[in-house]
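The hints should help you fit chain B onto chain A, whose structure is shown.
The residues making up each chain are set out below.
There are 2 protein chains.
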Amino acid sequence: MSVATKIGVLGGGQLGQMLGLSAIPLGIECTFFDPDPEAPARVAGKHFCAAWNDRDALARFAQSVDAITFEFENVPRESLAFLEGIRPVRPSLRSLETTCDRIREKEFLRDAGVPVQPFAAVSPDAPASLELALATVGPHGVLKTRTLGYDGKGQRVVHSAEELARGWQELGSAPCIYEAFVPFDREVSVVATRGLDGTTAFYSVVENLHTKGVLFRSLAPARLSDQLTQDALRHARSVLDGLGHVGTLALELFVADGTLIANEIAPRVHNSGHWTLRGARTSQFENHMRAVAGLPLGDTGMPEHAAMVNLIGGTPSTAEVLALPGVSLQLYGKTPRPGRKVAHLHVVGATQDELLARVARAEALARRVNRLA
Amino acid sequence: MSVATKIGVLGGGQLGQMLGLSAIPLGIECTFFDPDPEAPARVAGKHFCAAWNDRDALARFAQSVDAITFEFENVPRESLAFLEGIRPVRPSLRSLETTCDRIREKEFLRDAGVPVQPFAAVSPDAPASLELALATVGPHGVLKTRTLGYDGKGQRVVHSAEELARGWQELGSAPCIYEAFVPFDREVSVVATRGLDGTTAFYSVVENLHTKGVLFRSLAPARLSDQLTQDALRHARSVLDGLGHVGTLALELFVADGTLIANEIAPRVHNSGHWTLRGARTSQFENHMRAVAGLPLGDTGMPEHAAMVNLIGGTPSTAEVLALPGVSLQLYGKTPRPGRKVAHLHVVGATQDELLARVARAEALARRVNRLA
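In the order they appear, the protein sequences are chains A and B.
So in numbering that gives the first Met the number 0, spot 55 of the first sequence is number 54, and the numbers just go up one at a time.
So in numbering that gives the first Met the number 0, spot 170 of the second sequence is number 169, and the numbers just go up one at a time.
Okay, chain A solo, but in the shape it has when bound (with noise of 0.2 Å):
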């Protein structure tokens, strides 16, 4: 099989930066597909600026390029059907369509042996769902739309059968799951990278601090028993293969009682495995583009402990983050909104304490300037 030279990436937002920028050096050029003229990525390779249901420029963007990959999940379903006509679409539409929709994701993880809490599913369609649903999960639970949710954003965290209702009408009676709650300790992440031709390769597993629920702080590695991490690899072993995956991928755990249990997978790159640009041998971005371009993978080892905080709705300045021993930093180019990802520190250490004592200079630094939404 040929190694793809010119990879297509749909989005083109700081992931799809990353991504091209790892992609340089490995003499890979990546154009993105992104109607935002201001796209953080294009500092990284070619912008292709057009609408998503665009034809004629998904036509030419693909002719453009060996192979397409995307930074962004909420890419329409027809215009990646009709990519995948052109041009190998790698991760493939079945990656996306597990993990796009709450509910076909919960059953591919419950159906490849991943523990996942007691969901089910409410409809518009069908009047008595939500009564069904309350049946099966129980009064405290979080009520989640099947699709489009991220950071958080179209969820509601109930408990009662009227926070339930009241929930389901503020999410505008969408399609949703409606998911127990997990009373979790910590949650972890395992970020992988499975090849093109299904070797696998896995990130140390992270730990994660979140924050009116979006990302704050991961930690690698997560301060999780053996037996737990050994899990953890199983499940994202399980995760990448039924999928038939060939790229990075996140798989997001909770820590509750002592056990794991699954609660969301990113088909892409993902915010908790920024720390292995600085942390790893090899990057989560460069790895995925080693797989989208049938490289081999390369070695996911950590030399030191590392850590990743995120910088969101503002950033303090350059001089004072660099000032700070063993952190550094990764901008977008973004400019600042209330609740935007706009950079985030990396931070490393020769021991545990080090890392923490460092991290926890970092992340008052980040409190001082976040702006969530």
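In short, the hints are calculated from the structure, not lab data.
The C-beta atom is built at its ideal place from N, Cα and C for all residues, glycine as well.
Among the hints, erroneous ones may be present.
[Unchecked claim] Derived PhoX-like pairs: lysine-lysine, alpha-carbon spacing no greater than 20 Å straight-line:
| id | chain 1 | residue 1 | chain 2 | residue 2 |
| --- | --- | --- | --- | --- |
| 1 | A | Lys45 | A | Lys5 |
| 2 | B | Lys152 | A | Lys45 |
| 3 | B | Lys5 | A | Lys5 |
| 4 | B | Lys45 | B | Lys333 |
| 5 | B | Lys333 | A | Lys333 |
[Said to hold, decoys possible] Estimated spans, in silico, between C-beta atoms of each pair:
| id | chain 1 | residue 1 | chain 2 | residue 2 | range |
| --- | --- | --- | --- | --- | --- |
| 6 | A | Arg233 | B | Thr258 | 55 to 61 Å |
| 7 | A | Thr350 | B | Ala50 | 50 to 56 Å |
| 8 | B | Thr258 | A | Arg370 | 57 to 63 Å |
| 9 | B | Arg367 | A | Leu92 | 53 to 59 Å |
| 10 | B | Ala50 | A | Leu371 | 50 to 56 Å |
| 11 | B | Arg222 | A | Gln226 | 47 to 53 Å |
| 12 | B | Lys152 | A | Arg370 | 43 to 49 Å |
| 13 | A | Gly300 | B | Ala134 | 42 to 48 Å |
| 14 | A | Gln62 | B | His209 | 43 to 49 Å |
| 15 | A | Gly212 | B | Ala80 | 54 to 60 Å |
| 16 | A | Arg339 | B | Pro34 | 39 to 45 Å |
| 17 | B | Ala318 | A | Ser224 | 36 to 42 Å |
| 18 | B | Arg367 | A | Gln62 | 21 to 27 Å |
[Stated by the list, open to error] Over 10 Å on every C-beta distance to chain B, these chain A residues come out as not near it, computed from the model:
| id | residue |
| --- | --- |
| 19 | Asn73 |
| 20 | Gly84 |
| 21 | Gln168 |
| 22 | Gly243 |
| 23 | Ile260 |
| 24 | Arg336 |
Relative to the frame of chain A, chain B by itself:
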């Protein structure tokens, strides 16, 4: 002092490319001045394509940026002086003028307390200078043009008065330096950065192997005694401070008979520092950009053993490179020609033994494809 966020770079080769790629996450936009429309750095910033002596273009280039640096030391002196009248040039002309003339460079090193071999100027304006040089240095030496030499070009090793006279003829009777031949055991270099505020940061001393005068492989850290390691770092500090340098530079040294003798200074990021892209916590490129921008310098420590192997005149298939454990690739996007540096391999290892075993495989691959001039 305000931080520069738009930086002009004179030269758009692979050094410029790596500078530009390292600048993006810092929010620094690079503009590369280079007459070559195919300048490799164009993928990592804006490209200002004009001739070195085009005053109008130089003025517009300078006015479009906050500060100016270079990746190429043979920029015409007048052009640099002209630019310096418009925007700060970092490092200053002092660094460039001291190091672009081999006589001035050796005098500077000697005056800074850095050991140098016996040397003498050979000048077409002083008819007896060849005899005087022979008397000072002896019959076994190296004759080099005072300016414009690199990668072993413009040099002759001589063993007698006759060879010296013939060598000078072959070099067009240009102004030359005649240096005593140093029977060195090993060549090492120190790459280091000095910030705008005078703070300094030193990378591990590196051990270099050349083939036909061109760097082939660098190992970090060098296999060197603690004493010589300390000496090398001290000499690098003398050079940085003596020049009042701002940015990264490299000091090349011979290890001869248990002591160090300075060979030359490269007043810019250097091939023997490329390993820092994957092997150090902050690369030589990022630290150069930080210095030029007026930002704090980053940690130069290395969590693992690291090496770099040059690909010159040819490249193996990317898949073959990436299949080697611990090896990653940095392609420059240049068309291969004999003698042209087109890429390098990064090698890392948890121990020196692991590194050396991996380097041996990387070197074998490079030797198979390299085509020297």
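Against the structure, test the hints numbered earlier, and report the numbers of the ones violated in rising order. When the structure is compared with the hints, numbers 2, 3, 5, 9, 11, 12, 13, 18 turn out to be violated.
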